[in-house]
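Under full-length UniProt numbering, the residue at position 42 of the sequence shown is numbered 42, and the numbers go up by one with no gaps.
Quick caveat, the hints were computed from the structure, so don't treat them as lab data. Treat the numbers as computed from the prediction; the structure is a model and nothing was measured. Backbone N, C-alpha and C define an ideal beta-carbon position, used for all residues, glycine too. One or more of the hints may lead you astray.
Ranges of calculated distance between the beta carbons of each label pair, as one might list FRET restraints [stated by the list, open to error]:
| # | residue 1 | residue 2 | range |
| --- | --- | --- | --- |
| 1 | Arg111 | His48 | 35 to 41 Å |
| 2 | Pro53 | Val109 | 29 to 35 Å |
| 3 | Arg38 | Met78 | 37 to 43 Å |
Distance condition first, Cα-Cα at most 35 Å in a straight line; then the derived DSBU-like pairs of lysine-lysine [stated by the list, open to error]:
| # | residue 1 | residue 2 |
| --- | --- | --- |
| 4 | Lys97 | Lys36 |
| 5 | Lys97 | Lys65 |
| 6 | Lys36 | Lys65 |
| 7 | Lys138 | Lys97 |
| 8 | Lys36 | Lys138 |
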Amino acid sequence: MSTANLPIKKGESSSELIQLVSFNLGAEEYAVEVLKVREIIRMTPITHIPNTPPSVEGIINLRGKVIPIISLRSRFGMCSTDDDQHTRIMVMDIDGKLMGFIVDGVSEVIRISSGEIQPPPSIAAGGVDQDFICGVIKHGEQLLLMLQLDRMFTSAEQDAFASFG
């Protein structure tokens, strides 16, 4: 079973282990499937591109590949902050294309059983803009929102990102 089929349906085995990378934006914790993460890099100079949506910071050259960089803070409607020593770019495979996502910090790789993933609350699940929230996980005293970032972009946005590579 792949996490792409989340949320977990009743009756499915809850013993399958899933590995997630957790990261933070402000005080909130999020998680993505570890298999989607290609690498995590420190902030690097970003080449800004005119007339792009506010959440598109620009592009970087990563070992000869041009990769679009998205600010998750901006995409989620959060106030921007200055980058610090914890700020990272998570380079991820989104529908076969490499994309970078700026996060405030990467926390850890965690293992959970698929049964620990609860469906997102209806307030989050109902909105088209929040289709990428696929579950909630209790991790210690913290709640993690599990994201499927490939669901975050419209097909027009995905086509636009394809032109960067």
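Quick rundown of the hints versus the structure:
In this structure the supplied range 35 to 41 Å holds for Arg111 paired with His48, their Cβ-Cβ distance being about 38 Å. For Pro53 and Val109, the hinted distance range of 29 to 35 Å is satisfied, since their beta carbons lie about 30 Å from each other. At about 24 Å, the beta-carbon gap between Arg38 and Met78 misses the expected band of 37 to 43 Å. Taken as a hint, the Lys97 and Lys36 pair is honoured in the structure, with Cα atoms around 11 Å apart against an allowance of 35 Å.
A C-alpha spacing of about 11 Å is found between Lys97 and Lys65, which places the hinted pair at or below 35 Å, so the restraint holds. Restraint check: the Cα-Cα separation between Lys36 and Lys65 comes to about 17 Å, which is no more than 35 Å; the hinted pair holds. Distance check on the hinted pair: Lys138 and Lys97 sit about 30 Å apart at the alpha-carbon level, within 35 Å; holds. A C-alpha spacing of about 21 Å is found between Lys36 and Lys138, which places the hinted pair at or below 35 Å, so the restraint holds.
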